[in-house]
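Asks: Based on these hints, arrange chain B on the given structure of chain A.
There are 2 protein chains.
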Amino acid sequence: MEKLIPFNKPHFTGNETVYIKNAVESGKISGDGIYTKKCHEFFESLMEFNKSLLTTSCTDALEMAAILIGIEPGDEVIIPSYTFVSTANAFILRGAIIRFIDSREDQPGMDERSIESLINEKTKAIVPVHYAGVACDMDLIMDIAERHDLYVIEDAAQAIDSFFTYRNGKKARLGSIGHLAAFSFHETKNIISGEGGLLVVNDQKFATRAEIIREKGTNRSAFFRGEVDKYGWVDKGSSFLPSDIIAAFLYAQLENLESIQNKRLEIWNRYDHSFHHMKGFESIFSKPIIPNYATNNGHMYYLICRCKSIRKRLLTHLKRRNILAVFHYLSLHNSKFYRAKHDGRELPNADKFSDCLVRLPFYPDLTREQQNKVIDAIGDFVNEFH
Amino acid sequence: MEKLIPFNKPHFTGNETVYIKNAVESGKISGDGIYTKKCHEFFESLMEFNKSLLTTSCTDALEMAAILIGIEPGDEVIIPSYTFVSTANAFILRGAIIRFIDSREDQPGMDERSIESLINEKTKAIVPVHYAGVACDMDLIMDIAERHDLYVIEDAAQAIDSFFTYRNGKKARLGSIGHLAAFSFHETKNIISGEGGLLVVNDQKFATRAEIIREKGTNRSAFFRGEVDKYGWVDKGSSFLPSDIIAAFLYAQLENLESIQNKRLEIWNRYDHSFHHMKGFESIFSKPIIPNYATNNGHMYYLICRCKSIRKRLLTHLKRRNILAVFHYLSLHNSKFYRAKHDGRELPNADKFSDCLVRLPFYPDLTREQQNKVIDAIGDFVNEFH
Chain A
1 MEKLIPFNKP
11 HFTGNETVYI
21 KNAVESGKIS
31 GDGIYTKKCH
41 EFFESLMEFN
51 KSLLTTSCTD
61 ALEMAAILIG
71 IEPGDEVIIP
81 SYTFVSTANA
91 FILRGAIIRF
101 IDSREDQPGM
111 DERSIESLIN
121 EKTKAIVPVH
131 YAGVACDMDL
141 IMDIAERHDL
151 YVIEDAAQAI
161 DSFFTYRNGK
171 KARLGSIGHL
181 AAFSFHETKN
191 IISGEGGLLV
201 VNDQKFATRA
211 EIIREKGTNR
221 SAFFRGEVDK
231 YGWVDKGSSF
241 LPSDIIAAFL
251 YAQLENLESI
261 QNKRLEIWNR
271 YDHSFHHMKG
281 FESIFSKPII
291 PNYATNNGHM
301 YYLICRCKSI
311 RKRLLTHLKR
321 RNILAVFHYL
331 SLHNSKFYRA
341 KHDGRELPNA
351 DKFSDCLVRL
361 PFYPDLTREQ
371 QNKVIDAIGD
381 FVNEFH
Chain B
1 MEKLIPFNKP
11 HFTGNETVYI
21 KNAVESGKIS
31 GDGIYTKKCH
41 EFFESLMEFN
51 KSLLTTSCTD
61 ALEMAAILIG
71 IEPGDEVIIP
81 SYTFVSTANA
91 FILRGAIIRF
101 IDSREDQPGM
111 DERSIESLIN
121 EKTKAIVPVH
131 YAGVACDMDL
141 IMDIAERHDL
151 YVIEDAAQAI
161 DSFFTYRNGK
171 KARLGSIGHL
181 AAFSFHETKN
191 IISGEGGLLV
201 VNDQKFATRA
211 EIIREKGTNR
221 SAFFRGEVDK
231 YGWVDKGSSF
241 LPSDIIAAFL
251 YAQLENLESI
261 QNKRLEIWNR
271 YDHSFHHMKG
281 FESIFSKPII
291 PNYATNNGHM
301 YYLICRCKSI
311 RKRLLTHLKR
321 RNILAVFHYL
331 SLHNSKFYRA
341 KHDGRELPNA
351 DKFSDCLVRL
361 PFYPDLTREQ
371 QNKVIDAIGD
381 FVNEFH
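For the record, the sequence lines run as chains A and B.
Read in order, the letters of the first sequence correspond to residues 1 to 386 in the working numbering.
Read in order, the letters of the second sequence correspond to residues 1 to 386 in the working numbering.
Among the hints, a few may not be true.
Given that identical chains are not distinguished, each listed pair holds provided it fits within a single copy or across any two copies.
[As the list claims (entries may be wrong)] Simulated pairs of lysine to aspartate or glutamate, EDC-like, Cα-Cα distance not exceeding 20 Å:
hint, residue 1, residue 2
1, Lys263, Asp380
2, Lys28, Glu41
3, Lys37, Glu255
4, Lys236, Glu72
5, Lys336, Asp229
6, Lys28, Asp365
7, Lys3, Glu48
Note that these hints are calculated values from the structure, not bench results.
Chain A extracted, bound-state conformation (with noise of 0.2 Å):
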């Protein structure tokens, strides 16, 4: 039988476990060791975000990002049905209220111009995900928060090295928009450390405290600066910062991001060449569409299927080829925990999305051989197809 081609393969730089072995000899190996400091420098000086502070998940960042800006029972938050459900937990773990919206027809992402039909005087945040590394337009975003005083917290989950272009001209990092930020480094992420996350805390106002509630609501952080001179308990908070065995596993990552990062978008462009010229191709399946304003950061090659029962044949197709391809998000409004409590709209892109969306195996060590099989097996489904 022929070797599986997995959906996902966590790659390893080489460096990762040599690194560890320094954290374990510099004598610390809980938070904010030297590699977490890495870390951070990393993220502060060469991706040049605002305060950048590790955490033990993208759930954990967003979190703390719902801490931070004081979310209260009753308080509703504005969220892509077709989503993690970490989105939408991290509010309601402090009692907000999902106000959820479609994707946008022709890609996942939220569908930005349907936003202002759901705030109210209760609204307080709006949650762009920027699925796939592909960003919202955040022109539109930002401007119907500050009209409504609204916060925005970035998704960035699969966003690291992507990038948003500005009605101006101006190009800045997804991540570095909105009030605050959360990315993930799970293993299904182009910079991985098996489970993983950083807070990017972009306005200013919530620095400090932001260091606070990650270290228990203690400010030991401080304390350490020699900025107080001895450190307590003064806020509510949690442990969320990351072992440096963590931190040293994503600092060698992070080293290799550029190679990482070609190797992701010629994957991406071989298959998107190759299904863009594929004959009878568009008849069943969609490709991925990237706006002007955004970049493609290679983190993931999706096709979307005409209908469900195309999604399943094609599934079934591939197993049978030993690939494994997977869908994705389930819608969240119509879950069984939310659908209930959901106003009863009806989000019919995300529920396309959760039907007909295929993701192809997709990581930096696929080989061009494998890569062909996967490409074949899509023609060859294609051309039975027809």
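Replies: Relative to chain A, chain B alone:
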């Protein structure tokens, strides 16, 4: 200048990075990989715990416990004042009011006999903290809980491999007694993974929901066991599971539990024996007390100074000799965050331990020579004092 004797130094067994490499090569380093399973098995089979779930920290395990027992705003929880902030924060994040309880006069553990006076119709749980790994009187606490229909959540952060003997002679592992229990693998603990924790679910009724809450509110765990045919969003939750990198590290430690514990107990006994015979010691200090119903897991060796000024002098004296001894918690009822919310009761013993307790250097790699230096320095302090 002589080399510093630190308060803590993470101990490594040698296999940590080997196992991390294995995890990496397994192709899965996110949560619940092969080493997480090995750790769970260790806790459930060898330690005979009920359902055991690794978490990113003891804080997170406590937060899971607070969600599981259904803490709602206004519920009251009884917690010692002399504890780490996380014991309280986990419940405060869910809206609980904390009723702080004093320490015992003779040791930092909570004064079990004053629990009952704090119980009212709002009380939901008691959280005994097994300070320094020394059991609280669980006969008393479980009896009170049963009579008042309260949950008991053991904060067993420091209590790995420690036991309680019931009045009837039965011996039970700490963490196996309350409805739920939380352990820590922070680098200062006996068994470490930098940051890390464990939730033990003793009350079977919480077992399924614990898995769901840990997996961001999805029934993914049941799905992977084939119990449901697809998984989705069924509850609130967060990302409480650690990367398998952390579990790999932890497993290397667990395999060496016995040798680590032997080393720690040897160090503990040497301190205790030396101070027992030290002339003049008892007029300035007292030593830790291990009640008959408790065992000693060699987590920590502390001295209680007769007053705060003696502690200050001792710390300075030791620092001059390049020995880093440290104090521990500051009473939470007196903290900047909770002072105004506290009900005003004086908790003099908690304050005494805040002011007078000193933890001595304590880690498996502390050499005899180093330990002698610490003991000699304290001997000299005692002599100079008289």
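Asks: If a hint holds in the structure, say so; if it doesn't, say that too.
Replies: Verification of the hints:
In this homomeric assembly, Lys263 and Asp380 never come within 20 Å of each other (Cα to Cα): the closest approach is 26 Å inside a single copy and 64 Å across copies. Taking the shortest Cα distances, Lys28 and Glu41 sit within 20 Å of each other inside one copy (18 Å), while across copies they are farther apart (28 Å). Taking the shortest alpha-carbon separations for Lys37 and Glu255, only the intra-copy value of 14 Å comes in at or below 20 Å, while the best inter-copy value is 31 Å. In this assembly of identical chains, the alpha carbons of Lys236 and Glu72 lie at most 20 Å apart whether taken from the same copy (14 Å) or from different copies (16 Å).
Taking the shortest Cα distances, Lys336 and Asp229 sit within 20 Å of each other only across copies (14 Å), while inside one copy they are farther apart (50 Å). Taking the closest pair of Cα atoms, Lys28 and Asp365 come within 20 Å of each other only across two copies (14 Å); inside a single copy the shortest separation is 33 Å, beyond that limit. Taking the shortest alpha-carbon separations for Lys3 and Glu48, neither the intra-copy value of 42 Å nor the inter-copy value of 39 Å comes in at or below 20 Å.
Hint check: violations occur at hints 1 and 7; the rest are consistent with the structure.
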